[in-house]
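Student: Note that the protein sequences, when read in sequence, are chains C and V.
Under my numbering, the first residue of the first sequence is numbered 1, with each subsequent residue one higher.
Under my numbering, the first residue of the second sequence is numbered 1, with each subsequent residue one higher.
There may be inaccurate statements among the hints.
It does not matter which identical chain is used: a pair holds within one copy or between any two.
[Stated by the list, open to error] 25 Å max Cα-Cα, derived DMTMM-like pairs, lysine to aspartate or glutamate: (1) K327 with D142; (2) K95 with D5; (3) K327 with E88; (4) K327 with E111; (5) K327 with E357.
Rather than coming from a laboratory, the hints here were simulated on the basis of the structure.
There are 2 protein chains.
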Amino acid sequence: MNLSDLPTPALVLERPILARNMAAMATPLARHRVTLRPHLKTAKSIDVARLALGGRPGGITVSTLAEAEYFVSYGITDILYAVGITPEKLVQVAKLNGAGADIAVITDDPETAAVIGAYPTPIRAMIEIDCGEARGGILPEDPALLLLAAALAPRFAGVMTHAGHSYAACDRAQIAAIAEAERTAVVRAAERLGAAGYAVPIVSMGSSPTTLAAPSFNGITEVRAGVYMFGDLFQAAIGTHGPDDIALTVLASVIGRRPEAHRFLIDAGAIALSKDRSTQATAHDYGYGLVRSLAGQASFGTAIVQRAYQEHGVVGADPARPFPALKVGDKVRVVPNHTCLTAAAHDRYFVTDDNVEVAAVWPRVNGW
Amino acid sequence: MNLSDLPTPALVLERPILARNMAAMATPLARHRVTLRPHLKTAKSIDVARLALGGRPGGITVSTLAEAEYFVSYGITDILYAVGITPEKLVQVAKLNGAGADIAVITDDPETAAVIGAYPTPIRAMIEIDCGEARGGILPEDPALLLLAAALAPRFAGVMTHAGHSYAACDRAQIAAIAEAERTAVVRAAERLGAAGYAVPIVSMGSSPTTLAAPSFNGITEVRAGVYMFGDLFQAAIGTHGPDDIALTVLASVIGRRPEAHRFLIDAGAIALSKDRSTQATAHDYGYGLVRSLAGQASFGTAIVQRAYQEHGVVGADPARPFPALKVGDKVRVVPNHTCLTAAAHDRYFVTDDNVEVAAVWPRVNGW
Numbered sequence: 001m002n003l004s005d006l007p008t009p010a011l012v013l014e015r016p017i018l019a020r021n022m023a024a025m026a027t028p029l030a031r032h033r034v035t036l037r038p039h040l041k042t043a044k045s046i047d048v049a050r051l052a053l054g055g056r057p058g059g060i061t062v063s064t065l066a067e068a069e070y071f072v073s074y075g076i077t078d079i080l081y082a083v084g085i086t087p088e089k090l091v092q093v094a095k096l097n098g099a100g101a102d103i104a105v106i107t108d109d110p111e112t113a114a115v116i117g118a119y120p121t122p123i124r125a126m127i128e129i130d131c132g133e134a135r136g137g138i139l140p141e142d143p144a145l146l147l148l149a150a151a152l153a154p155r156f157a158g159v160m161t162h163a164g165h166s167y168a169a170c171d172r173a174q175i176a177a178i179a180e181a182e183r184t185a186v187v188r189a190a191e192r193l194g195a196a197g198y199a200v201p202i203v204s205m206g207s208s209p210t211t212l213a214a215p216s217f218n219g220i221t222e223v224r225a226g227v228y229m230f231g232d233l234f235q236a237a238i239g240t241h242g243p244d245d246i247a248l249t250v251l252a253s254v255i256g257r258r259p260e261a262h263r264f265l266i267d268a269g270a271i272a273l274s275k276d277r278s279t280q281a282t283a284h285d286y287g288y289g290l291v292r293s294l295a296g297q298a299s300f301g302t303a304i305v306q307r308a309y310q311e312h313g314v315v316g317a318d319p320a321r322p323f324p325a326l327k328v329g330d331k332v333r334v335v336p337n338h339t340c341l342t343a344a345a346h347d348r349y350f351v352t353d354d355n356v357e358v359a360a361v362w363p364r365v366n367g368w
Numbered sequence: 001m002n003l004s005d006l007p008t009p010a011l012v013l014e015r016p017i018l019a020r021n022m023a024a025m026a027t028p029l030a031r032h033r034v035t036l037r038p039h040l041k042t043a044k045s046i047d048v049a050r051l052a053l054g055g056r057p058g059g060i061t062v063s064t065l066a067e068a069e070y071f072v073s074y075g076i077t078d079i080l081y082a083v084g085i086t087p088e089k090l091v092q093v094a095k096l097n098g099a100g101a102d103i104a105v106i107t108d109d110p111e112t113a114a115v116i117g118a119y120p121t122p123i124r125a126m127i128e129i130d131c132g133e134a135r136g137g138i139l140p141e142d143p144a145l146l147l148l149a150a151a152l153a154p155r156f157a158g159v160m161t162h163a164g165h166s167y168a169a170c171d172r173a174q175i176a177a178i179a180e181a182e183r184t185a186v187v188r189a190a191e192r193l194g195a196a197g198y199a200v201p202i203v204s205m206g207s208s209p210t211t212l213a214a215p216s217f218n219g220i221t222e223v224r225a226g227v228y229m230f231g232d233l234f235q236a237a238i239g240t241h242g243p244d245d246i247a248l249t250v251l252a253s254v255i256g257r258r259p260e261a262h263r264f265l266i267d268a269g270a271i272a273l274s275k276d277r278s279t280q281a282t283a284h285d286y287g288y289g290l291v292r293s294l295a296g297q298a299s300f301g302t303a304i305v306q307r308a309y310q311e312h313g314v315v316g317a318d319p320a321r322p323f324p325a326l327k328v329g330d331k332v333r334v335v336p337n338h339t340c341l342t343a344a345a346h347d348r349y350f351v352t353d354d355n356v357e358v359a360a361v362w363p364r365v366n367g368w
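Let the hints inform the model, and build the full structure from the sequences given.
Tutor: As structure tokens, then:
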């Protein structure tokens, strides 16, 4: 089957770019001798996970318990569930761990830590550190740090942080500075815990931008990153990868033409693309995505999806070019703003090696 | 099972509000003696479709062929697929029609119309009219109107339009004016076709706001509307329904607390809520959703989801109130900006009649 035969909208994954992005992440990590614990929140696919692990048996990060259960079913046991746990969710974690998994959880909440510490079956738990994002976690100097470790006691497995605010940085130097702040925050927390007599087996940091820009991983035992695998227009804008390193696109059909208004309609709208507008905050606003040819080429210049309705995308053609010679039914590919959210609406990847043939179909695990 | 026992995030549907919203739509339509062809793009559920049809055997609108196939499998045969068709997609429509369905398609493209007209099996087709939204369709005075009808010839089934630009209106009077423009556009197209000798069995208009505000349906044979069933913060802002008529919410767990910053974290983020920000354009910006109690009460005042990460929602508590007495694991409900997109990430509804018990679980048909 060829890409041109697929029903639309559909998610297309270019395997050569995926492989290149994975190599681009492996190189600096090998230089620094730090282990990657790939975050599968973007890919949600065992096929991608195996490539990301590069032959290692496991050690992954997930964002939902549905992902955890799915990856356990494929034999991956070493999993970090990197969203603050609740007491209720420990039941499902314990069940999976009882069936052979080793899922670690994270917390920054004293009451939850006490529940984990006293849980009838062992569940490893890490303390979440806030390195500046102001989302989850406690500051490294917070007095609660030692209280949390004490509450977790035999289940305490380490510290972790995530510099999600690196996404708001404008250039590599800024991201490198955030990466260093990310490292020092979590290492400082580990030092305080070490000084108080706790073994801190895992000291984990990571986001794709900071992992690729970090000047040092001293004191870090592992990094977590996910979006680097596929890339997107936003990550290209902040320099995580180059503009041609985006492996994921949405295949769409032209469903209407307005040559006089210099625009056309496609059947990829707000669900197929997501309403993420992250490039709006960067130097170049790509609307709801950049439109390329069926073969993935930049044949339409600056054409972007200007409006996104539930199942309609309104494409503004490049004003500097003649109206594209596209008929209703012809296919295009849309490069996404934010690959994690665009992928989320699709249940599978159509994998291609040559932008012509579908080489494989890889399912995704969506939902919760 | 109670709502409080559900894994989170989860989609909660309040059946009494759903019934009320359906009655609120039925009343003006009964007065005007016009038929509703409910749009199931929002609900994507046979259980909701049956309620929307109120005992009639069918006559629905869909936004994807996956919806069409799903509803056909439940015995609904009279279906309008209201997104511009492509020649390739006719194959699936023909297959479903061959199995007993009667799916009508829409087009505004002469080449596609010629394919439909010459298709080996009959597929009814309507001409899409642009009444001012500038998305799909031709203007009612466009010379192409008669050419399209000629190309469709024996398959020509009528004209349809959609005033999606009613969503940008500020008050009921503006929406009523857009509704009248919607009506006159599609009726004018029908008149031109009638004058040229074509029978025009279907003259279809509709959006939830215009259907509820329309002063007249003269010349209209049916209306299409969907979002009115569930409602959302945006539709409340433009007056489609009242602020207490929102039937759909996302159940979420508190996963972190920052009393000193007057905010807390929930496990409903950009996927569970969508990144739709439609209330940003209205008088009151609700961020990524308004936070209510587990019982659906306005217990947290103006608390909204201020930031939405993939699986994290950052809730800003009401500055005029003390920090909510919520522990990690406690549950809240998030009222969405745009119900169609919020529902899209979830595979089922947990239906409640009393905001306590789960009375039913209704699956959804997502994807394409």
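Student: Against each hint, give a clear statement of whether it holds in the structure.
Tutor: Structure-based check of all given hints:
no. : hint           : result
1   : K327 with D142 : between (61 Å within a copy, 20 Å between copies)
2   : K95 with D5    : between (43 Å within a copy, 17 Å between copies)
3   : K327 with E88  : between (53 Å within a copy, 12 Å between copies)
4   : K327 with E111 : between (61 Å within a copy, 8 Å between copies)
5   : K327 with E357 : within (22 Å within a copy, 52 Å between copies)
The structure is consistent with each of the numbered hints, conforming to all of them.
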